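Chemist: Sequence:
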Amino acid sequence: MGTHDDPDWLTKFMIIVWYIWKWRCTEEIPREKEVFLLNKFREILHALQQESQVQCTINSEHSKVWVRWEPPLGRWMVLNTAGAAKGNPGPAGTRGVITGDKSEWVIGFCENLGHCSSIKVELKVVFCGLKLAKEMHAQRIWIQINSSVVVSMLTSQKIWHPEYSFLLQQCKHVIEWEGWEVKISHCFREANQVADMLAKMVIEGMLGLTIYRVPLVETRDALYVDSVGVSWPRHVSR
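For the sequence shown, counting from 1, position 235 maps to 624 in the working numbering; every step adds exactly one.
Source of the hints: derived by calculation from the structure; they are not laboratory data.
Here the structure is a predicted model, which means the values were calculated and not measured.
No incorrect hints appear here.
The calculated DSS-like cross-link candidates involving lysine-lysine, where the alpha carbons are at most 27 Å apart (straight line), are: (1) Lys561 to Lys520; (2) Lys475 to Lys520; (3) Lys572 to Lys561; (4) Lys561 to Lys547; (5) Lys547 to Lys572.
Estimated spans, in silico, between C-beta atoms of each pair: (6) Pro478 to Thr599: 18 to 24 Å; (7) Gly476 to His624: 23 to 29 Å; (8) Val538 to Leu399: 40 to 46 Å; (9) Ser574 to Tyr601: 21 to 27 Å; (10) Phe555 to Ala436: 51 to 57 Å; (11) Glu459 to Asn428: 51 to 57 Å; (12) Gly618 to Lys572: 18 to 24 Å; (13) Trp455 to Glu570: 25 to 31 Å; (14) Thr599 to Ser545: 28 to 34 Å; (15) Gly568 to Val538: 27 to 33 Å; (16) Phe577 to His504: 23 to 29 Å; (17) Lys561 to Glu524: 15 to 21 Å.
C-beta: ideal position from N, C-alpha, C; glycine also.
Kindly generate the complete structure, drawing on both the sequences and the hints.
Modeler: Here it is in structure tokens:
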């Protein structure tokens, strides 16, 4: 069954105990009981070995990184965005939050968009967040987006599908306004938890934009975690 150095020893032990109990409750002859227990133990070992092989394959193809919300340097604000669509297209909504360099809440927003594709949702939330930041006279805004596709759309000169061209041009027009600096980067979901906390506010319900001038109770823990720099493990492709 192995020693305590075997990471599966407890699993093996508990399963074998269960089969011993099952064996005890049968009315088979002793030899049949012995074969029954031996075969079951072999099945368990085979299953555990297969699981170990799969985990080794995953570990060889991925590496673990530590992810956290990245605070800006100096007098920058951060716009964290997240879009959600139940289907593609499907009922959709946006959520976003603008925070200061110490993760202090500046403004949050949610918008139910009705039926929409996932890419349109992500572009829409960026556009909405940028307009709010400009209305607040932000001079430096760092957009952290958890969609690498949308980051590429906003930072490259590539021609994208006509379905997205209008929204994309709207976003780029706001980004290129004079009088402020805009930085765009991708972030993992673990570094985007405050925006994700607003997910329950959208998708279902009345259409329209909702503004939150003060932090919601549901977001306070995530704001604190960001402010103290807590990191989260994530497996990424090598």
